[in-house]
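Asker: In order, the protein sequences belong to chains S and X.
1 is the number of the first residue of the first sequence in the numbering used here; add one for each residue after it.
161 is the number of the first residue of the second sequence in the numbering used here; add one for each residue after it.
None of these hints come from the bench; they were simulated from the model.
Do not rely on the hints blindly, as some may be mistaken.
To be verified - Derived EDC-like pairs: lysine to aspartate or glutamate, alpha-carbon spacing no greater than 20 Å straight-line: (1) Lys-8(S) / Glu-261(X); (2) Lys-219(X) / Glu-132(S); (3) Lys-8(S) / Glu-266(X); (4) Lys-8(S) / Glu-244(X); (5) Lys-111(S) / Glu-261(X); (6) Lys-6(S) / Glu-244(X); (7) Lys-121(S) / Glu-266(X); (8) Lys-8(S) / Asp-114(S); (9) Lys-8(S) / Glu-85(S); (10) Lys-247(X) / Glu-17(S); (11) Lys-111(S) / Glu-23(S); (12) Lys-111(S) / Glu-250(X); (13) Lys-247(X) / Glu-132(S); (14) Lys-121(S) / Glu-58(S); (15) Lys-247(X) / Asp-114(S); (16) Lys-121(S) / Glu-261(X); (17) Lys-247(X) / Glu-113(S); (18) Lys-64(S) / Glu-85(S); (19) Lys-6(S) / Glu-261(X); (20) Lys-219(X) / Asp-202(X).
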Amino acid sequence: MNMANKTKITASPGGREVIIEREFDAPIDKLWRAYTEPDLYIRWMGPYGLTGKIDAWEMKPGGKYGYTHTAPDGQSFSFVGYRHEVVPQERITETFEWLGLPGHISLNTAKLEDIGGGRTKVTALAVFQTPEDRDGMIASGMEKGVVEGQERLDELLKKL
Amino acid sequence: MVEYTFPLDTIFGSLADPTRRDILDRLQLGQLNVSEVAEPYDVSLAAISKHLKILEHAKLIMKRRQGKQQIVSLRPQTMMQASEYMKQYEQLWNERFDRLEQILREEQ
């Protein structure tokens, strides 16, 4: 595993946005597929320990998307949104809403950049309507079985 | 389900001011009375009191009376909780992107 490829998160105090950045040792077209093909997307987007299911998937302006993560105890988290802009191999801009807290909608952009050497930089921007919504999203990350993530990673690494 | 009961926005809002951040840094070295807190800054005592009120509301500091003085001290638990959330969130995204990396390696 390349430790130089660690994820960088920026969330300034009192702000409404989160910026997530990471570089990958793969060309843009592969990253684009991972972001746009539902069976690929659901495999990496879901947190460890939860099963993912695509509920809707349209990849065009005005298109609807949705997915549900289910925990072993049966608890489920559903997310939904609408694509606003889809620029092939470059950018997806969409709304994002957790159905557990309806009305707290964020505007998300995933941007792909060719950084040379067959590598791609992914920049994900999420803009929330209030600082509380932004911070609430950050706090909720803890609830999703993060603790077991390390074991899962070790599992994957053994397969390499 | 998740409830946003933890006043993260209050904490992050409090940290958005450089004077307040500096006060917290100094309090890490030990408690101070209000005059000692105010001393290095080129603003009025009233302005510093306002800062302290904001930090107290966010549960980042606590004030107690000791004779004629007000002693200000840090509440380290609160800061730890806020940065803990950020760390866990970062870990969540690291996991996600690690899984994505794995998929990228598998896909031809």
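Asker: Starting from the hint list further up, note which numbers the structure goes against and sort them upward.
Answerer: 3, 9, 14, 15, 17, 20
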